Each structure stands twice: as structure tokens, then as C-alpha cells.
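Participant: Read off the chains here:
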Amino acid sequence: MIGIVNYGAGNIFSLTSALERQHLNYGMVNTEADLDKYTHIIIPGVGHAGAAMKKLEQTGLVGPIKALKKPVLGICVGMQLLTDHSEEGDARLMGIFPLKTRLFDKNQGIKIPHMGWNNIEHKNNPLFDGVANETQFYFVHSYFIEYNPIFDIATANYGTPFSAAIQKDNFYGVQFHPEKSGTAGELLLKNFSTLTP
Amino acid sequence: MLSKRIIPCLDVKDGRTVKGVNFVDLKDAGDPVELAWQYAQQGADELVFLDITATHERRKTMIEMVKSVARQLNIPFTIGGGITTIQDAEALLNAGADKISINSAAVKNPALIEELANAFGVQFVVVAVDTKLVEGKNRVHLNGGRLITELETEDWIRQAENRGAGEILLTSMDHDGTKQGFDCGLLNTITQMINIPVIASGGAGTVEHFIEVFEKTGVDAALAASVFHFGEIPIPDLKQKLKYHNIPVRL
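Taken in sequence, the protein lines are chains V and E. FYI, full-length UniProt numbering numbers position 28 of the first sequence as 28, with every residue one higher than the one before it. FYI, full-length UniProt numbering numbers position 208 of the second sequence as 208, with every residue one higher than the one before it.
Each hint can be trusted.
Derived list of chain V stretches under chain E, where covered just means 3 residues or more per stretch with a C-beta under 8 Å from a C-beta of chain E:
(1) 18-30
(2) 36-48
(3) 113-125
(4) 140-146
(5) 170-184
Straight-line C-alpha distance at most 25 Å; calculated DSS-like pairs for lysine-lysine:
(6) V:Lys54 <-> V:Lys70
(7) V:Lys168 <-> V:Lys123
(8) V:Lys106 <-> E:Lys216
(9) V:Lys190 <-> E:Lys67
Negatives, chain E to chain V, calculated, CB over 12 Å:
(10) Gln38
(11) Thr85
(12) Glu135
(13) Leu142
(14) Arg163
Because the hints were derived from the structure by calculation, they are not lab data. From a predicted model like this one, the values you see are computed outputs, not experimental measurements. For every residue, glycine included, the Cβ atom is placed at its ideal position computed from N, Cα and C.
Please construct the entire structure, taking both the sequences and the accompanying hints into account.
Facilitator: Right under this line is the structure:
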């Protein structure tokens, strides 16, 4: 069963609806003790990374999440929280990935936010089982995680190559919104639910 | 590569979808939830729901309808109409809306754009602008085109971007309902002027109009209603033809 970290930064209704459409059971994680109830943990998140980090800190869940050995999936800002730092609010984040979350550079002739469907190139990680390469996912973000070959499991391009998905041990992150990415996104959520630690 | 988006717009009144010709003379075109689901199956990239009576009659957008849509739909959608406060927007966010669109409320209280962007992020805030050419100037109109304002369209859009709009939905009232094509001249001016995504709206009648707006302007998305609602342009056909013209689309 999937536990959703409920820290007040995001559109949880869309996520829970997507899980329901896939017949995946879920519950909410409000306290450290709740983490034990679930086999898989999702950290959702939209909005401001710095503000989201403050909210997550207020729940007291940062330490316990970092110590988890079960599969954890950060979505959008939830993914960015797993990195060291975000330029959004010059915020220090969880530091699970030694990566930085940076603002897209408008001098590259791109519009910000990066909003819409973009294709990804993935590296056959189990999270993308059954997802064809170059499949498009729905992105909406102004900040991105720098491409790093060690942690990158899917790459997208918007002015610059960036990580559409990352993995380190049991920690996963996706910059796009699987709950809004059609059938491919629903498949990814289903894949996550079957990952073993 | 980022795809150009095709966005059916569902104008909603009393829980039913309607589409007016030049925003008058409403026609019933179906149940919004069912239509939304069908559009997702057809390959629509996103949906916009506008409660077209909301501003005029001061009614709030229906939260229950938004929830029903969010339960069924696996693509993003925007809700507009009658949103005047942070609380309105938050209720819609919690009901599953990906973005909200504000129009009159932003003109009357431009600081609302900043408040919404600060509270929920710029990606959540679409500023919808209805424009009409009056004595050689593009002027912002309110209340579905009923009310002219002092604002010049270019100035207002620039201000909206500076205040934190994440996207502009630009409807040409001169083109809306005519099926004679999008206002490519104005759309081109606007997309060169700002650095946030722009949705073209008003005037779609044929597939060629969509090709034209993507080839001649820098818009990121094209929105239409009746040509989709009445099956005049099937979305899969439209996307195939856009692809044939080397316009990036999601198939």
C-alpha cells in the first residue's frame, strides 16, 4: 500500500484519483509512525520548493524519510526536495541526491515555465517498464534538476538537457506529473507500486 | 521537444457545456465530465473549463464538477470563471484543478495575480485576456466582451507577466465565433513580447487555421470549442495534419 506524505504542498486529489483509477490502495502519512504502515511512499508537491521544504520540516518527517529503505517517489517539487538545494528561495533541501535544482535560463530563448508535454529518453529503469522511449509526459515547472549521469534514469530537453527522472538506491523522483500524463503516467505509478526495496 | 498543445474549451453553465457565437446565443453541447473524458481519449492535451456566467452572475465555479472531472481525467485541466480570491483558487486546487484562469478579477485587482502566484506558484495562474480592436487599438474587454476597459491589451499582458502570470490565454473577440482563423497578427506580437506560454483562442474553423497559428506565431497552444464539440475537426486528424506540417504534437 502506498503512503502519501501529507504536508500541505500539492494537489493530492489528482494523485489519489490516478491511484484509484489504477486500483492502487493508499493512505496518508502525517506522522513518523505512519511511515511504517506503507510499503511505498510518495512525496507529492507543487508550488514553491523553499516553501514546500519549510512545510515538510514542520511535519518532522525529513529525518525519518531520509532513513527509509522502502521505495520513495518524489513528484515534481516532491522530487526537487530530494536534492541538496534549490535556487527557488535559495533553499537547502533534503540532500538525498547531491544535485542542485536550478532555474531555467530564459536567455536560451525558452519560455518559463516549461509547461506541456515533452518526450523523455529513459534508461530502462523498472520505473519505466512498458513505457516506450520518447513517450511524452506532462511537465509544468520553472526549476529543473541538472543532468547528472550517475542519478539520471530519464532525460528531457528544454533549452538544456535535464533530469526527467532520477534514482538513488530506494529513492526515485520524477519531474513530470504521472497523475496527469495519460496512460503512460498511470503505468509509471503502477510500476512504482511494484518496486521492491 | 515540447509539443504544441490542442485544448478543447468547455464553456459551462449550470453544469452543462455551452458555446456561444461571439459569446451570445448559447447552444447546449453536452455533459462536461463525459465530454472531458472523450477528449482525453481522443488525444486532447489539456482542457479548459470556463464558467461563462460566473463573472456576470457572481457565481462560483462548481467544486463538485471539478472533482468529478479530476477523478476521471488523466490529463491536466484549467478552471476559469468567478475566481476572485485566494480561497476560491485553493478550493479548486484541492478539488484537482491544475490551473486556474482569472480574467475580470485580475483587471479589477491586479495584485490578485501576485497573491495567487505567491500562494500556489506561477504555474497555477493563467491570466485570460479578451481583446477587441477598437479605433485601431487592442483593448481589454471584460464580462464576456460586454465591457470595454481603459487597458491596452499589450500593456495589460506585459503587466500580467510581470506580476506572476504563468500563462496567457488570449481570446480575440473579433475572431471568436467567426471560424475565420486565429488573430495571428496580434498573437505574434504578444508571443514576441513576453516569455511565458500563450494559448491562442478565438476563430478556429478549419485544420488550416491551427497550422497557420503554429507556423506564423510563437503560441504554445491553440484552444477551440465548437469545432471540437460538434465533431467538425476530430482531434486525431488535426494532430496528424499538424505533424505532417512538422509541428511537434503528442500522438
